[in-house]
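Engineer: One-letter residues, chain by chain:
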Amino acid sequence: MKAGNGKIILEDDQIEDLFVSVKRRYGYDFTGYSEASIKRRVQKFIETTEIQSADVLKDRLLEDGAFFTFFLDEITVNVTEMFRDPLFFASLKKNVFPLLKTYPFIKIWDAGCASGEELYSLAILLDEEELYGKSRIYATDISQRVLEKAMDGIYPIDLMKEYTGNYIHAGGKKSFSEYYTAMYGNAIFHSRLKKNVMFSAHNLAVDESFNEFNLIVCRNVLIYFNRQLQERVIELFLKSLPVFGFLALGNKETLSFSVFKDHFEEIDRLQKIYRRII
Amino acid sequence: MLEKIEAIVIGGSWGGIDAMIKILSALPSDFKPTLVIVLHRPKNVVNSLEGILKRNCKIPLSEPQDKEEIRSNHVYLAPSNYHLLIEKERIFSLDVSPPVNYFRPSIDVLFESAAQAYGKLMAGILLTGANKDGGDGMKTIAENGGFTIVQDPSTAASGIMPSAALRLIKPDFLGNIHSIIELISSGKEFIWQ
Numbered sequence: 001m002k003a004g005n006g007k008i009i010l011e012d013d014q015i016e017d018l019f020v021s022v023k024r025r026y027g028y029d030f031t032g033y034s035e036a037s038i039k040r041r042v043q044k045f046i047e048t049t050e051i052q053s054a055d056v057l058k059d060r061l062l063e064d065g066a067f068f069t070f071f072l073d074e075i076t077v078n079v080t081e082m083f084r085d086p087l088f089f090a091s092l093k094k095n096v097f098p099l100l101k102t103y104p105f106i107k108i109w110d111a112g113c114a115s116g117e118e119l120y121s122l123a124i125l126l127d128e129e130e131l132y133g134k135s136r137i138y139a140t141d142i143s144q145r146v147l148e149k150a151m152d153g154i155y156p157i158d159l160m161k162e163y164t165g166n167y168i169h170a171g172g173k174k175s176f177s178e179y180y181t182a183m184y185g186n187a188i189f190h191s192r193l194k195k196n197v198m199f200s201a202h203n204l205a206v207d208e209s210f211n212e213f214n215l216i217v218c219r220n221v222l223i224y225f226n227r228q229l230q231e232r233v234i235e236l237f238l239k240s241l242p243v244f245g246f247l248a249l250g251n252k253e254t255l256s257f258s259v260f261k262d263h264f265e266e267i268d269r270l271q272k273i274y275r276r277i278i
Numbered sequence: 001m002l003e004k005i006e007a008i009v010i011g012g013s014w015g016g017i018d019a020m021i022k023i024l025s026a027l028p029s030d031f032k033p034t035l036v037i038v039l040h041r042p043k044n045v046v047n048s049l050e051g052i053l054k055r056n057c058k059i060p061l062s063e064p065q066d067k068e069e070i071r072s073n074h075v076y077l078a079p080s081n082y083h084l085l086i087e088k089e090r091i092f093s094l095d096v097s098p099p100v101n102y103f104r105p106s107i108d109v110l111f112e113s114a115a116q117a118y119g120k121l122m123a124g125i126l127l128t129g130a131n132k133d134g135g136d137g138m139k140t141i142a143e144n145g146g147f148t149i150v151q152d153p154s155t156a157a158s159g160i161m162p163s164a165a166l167r168l169i170k171p172d173f174l175g176n177i178h179s180i181i182e183l184i185s186s187g188k189e190f191i192w193q
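Protein sequences appear in the order of chains W and S. My numbering numbers the first residue of the first sequence as 1 and each following residue consecutively. My numbering numbers the first residue of the second sequence as 1 and each following residue consecutively.
Bound-form chain S, shown alone (with noise of 0.2 Å):
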């Protein structure tokens, strides 16, 4: 069945920083929907990681201001030491309320704004993360008929936050990385609006 997607949000640790790549160098510099991404990250380092994305990323990419409209063809990356949320104008704002899941930003508190202000207009991708943040998420995320895709564990660097989200939902697709990015870049069950 084709859906409509309007935009899509991806949630990994630290250590999904491969995979976050792997996703972002496969997308073609016009790719229509808007991608919002939350790694967990360290705070107050030198903000290497922006770079590192633009760098293998052909879609601009950018660290969203508070009240920024937000674009189709384009990635925003949640900044380091904020939750990211969306509201339903289609603006980010930002948050500097306590770490959730011990993390600021969480997957979370994206996924589940996100939810809210997209509906089913939405996927939602879980990578791989050693902590349960996402689970809750994505669970928002399928309960509003958002469309869900969950790295499979056995495929992840580290199987723990698939293995969380997969307690709570079973999701729309389950796959490897490979699987993942030939899913959304080709547009199979999807339509970009």
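Pulled out of the complex, with its shape left as it was, chain W reads as follows (with noise of 0.2 Å):
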């Protein structure tokens, strides 16, 4: 459909149909996303390529498996920052550390790790509680190049101002600056903060379950899946954690709607930090 200021409306069997067909050429499945921010990306996808026509999207992202690479960038959400919410953070070393620390070795799952902001903010906050050295972080995400950019640990200046902020209120111990080194431009945090760090891409709309944790922190990630998806992540996450681990969402994601939800209780209700019970 077209709007009178000749703007492409895309409808919702258009879109319905474009997933389907993406799912069994490329195996990523978007069927069970939230459908009102999904479509709202897909729609501003078209017009920042000018693409013609729901049809003509089709058949180019068919064909093109870079432009599908593109594509997927581009409508699932990388935007995060250092220390986000930074209540969480403090809650988490109040609450969730004390545990860890009785523990041998710690293995902790950043599920939806996108370009890797969260993954250094733990990892700051694990090792000034000194546990960094016996923890093993797997960091997933569903797109290969902003695993890369995790990777790199590589951020643009101007925003280390903000994180510096976040980082005191979280309880940060240090000059935040000790953590990275200035350089054209960027802020490049230090490599022993992901020695411990295990990069692997992980699609949690299709992969199973691959290891246990004591900590699996998924956060702004089940906002993108309907409900009958978020079950699926979270029957992921349950099989995932042994009695006793925790599971860290973001803080207006609940586990209240979820038939699993009787396995889990709250460590903190506010900062949705949950531990598997039964």
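Keep in mind the hints are simulated off the structure, nothing from the lab. On a predicted model such as this, the values are computed, not experimentally measured, just so you know. Some hints could be false.
Covered, in the sense of this in silico footprint (three residues per stretch, anywhere, with C-beta under 8 Å from a C-beta of chain S), are these stretches of chain W [unchecked claim]:
| id | stretch |
| --- | --- |
| 1 | 29-38 |
| 2 | 74-88 |
| 3 | 130-139 |
| 4 | 223-230 |
Note that the Cβ used here is the ideal one computed from N, Cα and C, for glycine as well.
Both chains come to you apart, so use the hints to assemble them.
Structural biologist: Written out as structure tokens, the structure reads:
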């Protein structure tokens, strides 16, 4: 359909058809994504790439793998910041780390790590609590390209002022600038922070559990999934957590609507930290 | 002409908090439609807006959780640092994609998704603001048959936001905050369903 100003407006069935074709061709499944927000991003993609119709978009995506990779990056959300929601990190330190300290070895899964801002925040916090040495962090994301950014650990220096503020609010103990080297307008995070990190591609919508973890951090990822897909992922997390394993979600994400909710207890109701109890 | 209304969405910038309080405090506790509001607000500050609005509102008010079911006789406030969207099944979705018009939550993002979910069963209200956010959203509401209400820019603390909307649409109702309150609290023009 075309609006009065010549703008192409995608219909719901066109988007569904597109996602079914993409799934068949590439194995990426967007059919369980939250409709309103995925539709908005596909719509935005059509506008910025000046594609003329839903059919043209579909043809190009199916024929051109590089174009699909570009599409994948654009419609999945990779925006994050270091120590986003500082009070979450403060709570992690207060409510989760004391138990982790009692373990000889700690396994953490940062699911949907995007470009790594949250990952480095976690590594810094673990380091300051003298837990990093015995930790292994598995950092996964659907997009290989953002994983490469996460591996680089290089962020614009302009953002460091905001991140330093977040770090202080989170209860950071040092001077934030001790963790990076400023160079050519960038902050390059010290490579020792990724010494114990394993990066790999993992798609929560289709892939399976691959290990068992003491803590799973998956913040602001479930919001992109509909309830059905959220249930799949929560079950996947349940399978990846031993009893007393922790699960940390985003501030506005909740297990309250899940059939698996009775497996968990709330450790911090506001910061959405849960612990598996059965 | 009487229109059926299931939900009212309201947007304003940080300076719109006074106008928002006036509207909320005027509405009776049994006000039927769902209200969903976005105020441009700073992020990563201790969240006091919810408390302030709660104290000035007789209708139950909360920030929604992701995938929460939308109820009638309830006011929902878009949380800080997230976009708020409405799904057709009458549930909320949140989104941390980049700011739109420099803001997250953005009024356009809420209004556009609400327009697609509710169609003509809704009204949109755009209040005072110093940014053009909300204009495209009001246009989408109008295109989908919803009822559009714009605060008269000459009566707004900052007229930039309503003026930007007036360049895109001719609203169904244009007036000062008191006449907007009278319109929605009396149910004149609407049937609450």
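Engineer: Check whether three or more residues of the stretch 223-230 of chain W sit with their beta carbon closer than 8 Å to a beta carbon of chain S.
Structural biologist: holds (count 5)
Engineer: For the stretch 29-38 of chain W, do three or more residues have a beta carbon lying closer than 8 Å to a beta carbon of chain S?
Structural biologist: Coverage by chain S holds for the stretch 29-38 of chain W (4 residues, Cβ < 8 Å).
Engineer: Can you confirm whether chain S covers the stretch 74-88 of chain W, using C-beta to C-beta distances below 8 Å and requiring at least three such residues?
Structural biologist: With 6 residues close enough to chain S, the hint holds.
Engineer: Would you say the stretch 130-139 of chain W counts as covered by chain S, given the rule of at least 3 residues with C-beta under 8 Å?
Structural biologist: violated (count 0)
Violated hints amount to a single one, hint 3; each of the other numbered hints is respected by the structure.
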